[in-house]
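Colleague: Kindly produce the complete structure, drawing on both the sequences and the hints.
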Amino acid sequence: QKEVEQNSGPLSVPEGAIASLNCTYSDRGSQSFFWYRQYSGKSPELIMSIYSNGDKEDGRFTAQLNKASQYVSLLIRDSQPSDSATYLCAVLMDMGRRALTFGSGTRLQVQP
Amino acid sequence: ETGVTQTPRHLVMGMTNKKSLKCEQHLGHNAMYWYKQSAKKPLELMFVYNFKEQTENNSVPSRFSPECPNSSHLFLHLHTLQPEDSALYLCASSQAASGGSYNEQFFGPGTRLTVL
Numbered sequence: 001q002k003e004v005e006q007n008s009g010p011l012s013v014p015e016g017a018i019a020s021l022n023c024t025y026s027d028r029g030s031q032s033f034f035w036y037r038q039y040s041g042k043s044p045e046l047i048m049s050i051y052s053n054g055d056k057e058d059g060r061f062t063a064q065l066n067k068a069s070q071y072v073s074l075l076i077r078d079s080q081p082s083d084s085a086t087y088l089c090a091v092l093m094d095m096g097r098r099a100l101t102f103g104s105g106t107r108l109q110v111q112p
Numbered sequence: 001e002t003g004v005t006q007t008p009r010h011l012v013m014g015m016t017n018k019k020s021l022k023c024e025q026h027l028g029h030n031a032m033y034w035y036k037q038s039a040k041k042p043l044e045l046m047f048v049y050n051f052k053e054q055t056e057n058n059s060v061p062s063r064f065s066p067e068c069p070n071s072s073h074l075f076l077h078l079h080t081l082q083p084e085d086s087a088l089y090l091c092a093s094s095q096a097a098s099g100g101s102y103n104e105q106f107f108g109p110g111t112r113l114t115v116l
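Here the protein sequences line up with chains A and B, keeping their order. Residue 75 in the working numbering sits at position 75 of the first sequence, with consecutive numbering throughout. Residue 57 in the working numbering sits at position 57 of the second sequence, with consecutive numbering throughout.
Mixed in with the good hints, there may be bad ones.
Stretch by stretch, here's where chain A covers chain B in the computed footprint (C-beta under 8 Å, at least three residues) [what the hints assert, rightly or not]: (1) 9–23; (2) 65–74.
Pairs of lysine-lysine residues, derived as DSBU-like cross-links and limited to a Cα-Cα distance of at most 35 Å, are as follows [as the list claims (entries may be wrong)]: (3) 18(B) / 56(A); (4) 56(A) / 52(B); (5) 36(B) / 2(A); (6) 67(A) / 18(B); (7) 2(A) / 41(B); (8) 67(A) / 52(B); (9) 36(B) / 67(A).
On the chain B side, residues computed to face chain A include the following (Cβ under 8 Å) [what the hints assert, rightly or not]: (10) 31; (11) 85; (12) 90.
If you're looking for bench data, these hints aren't it; they were derived computationally from the structure. Built from N, CA and C at the ideal position, the CB exists for glycine as well.
Modeller: What follows is the structure in structure tokens.
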């Protein structure tokens, strides 16, 4: 069973701190990795994608990928209360299928 | 309209009813997806369509019947559902080609379905 694992949380951080969200995946051949943000009652919103080892930065968000360790993370700098949401890690494990495998998500709470 | 739209946004139906969910994407994509999101469970892929052809059925019960008349529209026909089918049903779209950013999937707002 190909899986994506995330800590369900909640992860609680104070406003202005760095939030670190982690995700591991089981399929070593996976090539594409995505982070989605989902507010309660809303649909997932794509915030970051990463395809090669290392860091990718976009504003306050940094995605980190380590394929050898089968690990992908999302850092949110200067966390704001509006960042409070569930963050879903998604992995494309089979290029032929084009279907994403999602983790259960980590709930982030940013305390004012 | 922009992005991915879904109608209706909320649906309550009895177990003997027949209803349909509609999805439309305005992104020029050629792949469309149906997902189910139940409380406290990961997003579950249901169906994948690529250039109007179904390429994946993730062991979905036959009471869910998808239809993709063209690359911009996707339907999910529902009949004789069970209460455990109550969930958020999400449509997504992406480029059809594989590799890199072509795999980025964009979601519609979802249909919140309640089966009584």
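Colleague: Under a C-beta cut-off of less than 8 Å, do 3 or more residues of the region 65–74 of chain B approach chain A closely enough to confirm the stated coverage?
Modeller: With 0 residues close enough to chain A, the hint is violated.
Colleague: Does residue 90(B) hold up as a contact with chain A if the rule is Cβ-Cβ below 8 Å?
Modeller: Since chain A brings a Cβ to about 6 Å from residue 90(B), closer than 8 Å, the hint holds.
Colleague: Is it true that the CA of residue 36(B) sits at most 35 Å from the CA of residue 2(A)?
Modeller: holds (18 Å)
Colleague: For residue 56(A) and residue 52(B), compute the direct alpha-carbon distance and say whether it is at most 35 Å.
Modeller: Holds, at about 34 Å.
Colleague: Is the Cα-Cα distance between residue 67(A) and residue 52(B) 35 Å or less?
Modeller: This hinted pair holds, its Cα atoms lying about 33 Å apart.
Colleague: Keeping to a limit of 35 Å between CA atoms, is the pair of residue 18(B) and residue 56(A) held or broken?
Modeller: Violated: residue 18(B) and residue 56(A) sit about 46 Å apart, past 35 Å.
Colleague: Verify the proposed pairing of residue 67(A) with residue 18(B), using a straight-line Cα cut of 35 Å.
Modeller: violated (46 Å)
Colleague: Assess, step by step, whether the Cα of residue 2(A) is no farther than 35 Å from the Cα of residue 41(B), and give holds or violated.
Modeller: holds (16 Å)
Colleague: Count residues of the region 9–23 of chain B with a Cβ under 8 Å from any Cβ of chain A, then say if the count reaches three.
Modeller: Coverage by chain A is violated here, the residue count being 0 at a Cβ distance below 8 Å.
Colleague: Compare the distance between the alpha carbons of residue 36(B) and residue 67(A) with 35 Å, and conclude whether the hinted pair is satisfied.
Modeller: holds (28 Å)
Colleague: Is the hint on residue 31(B) kept, meaning its closest Cβ partner in chain A is under 8 Å away?
Modeller: holds (6 Å)
Colleague: Using the nearest Cβ pair, does residue 85(B) come within less than 8 Å of chain A?
Modeller: Since chain A brings no Cβ nearer than about 18 Å to residue 85(B), farther than 8 Å, the hint is violated.
Figure legend: structure checked against the earlier numbered hints; hints not met, in rising order: 1, 2, 3, 6, 11.
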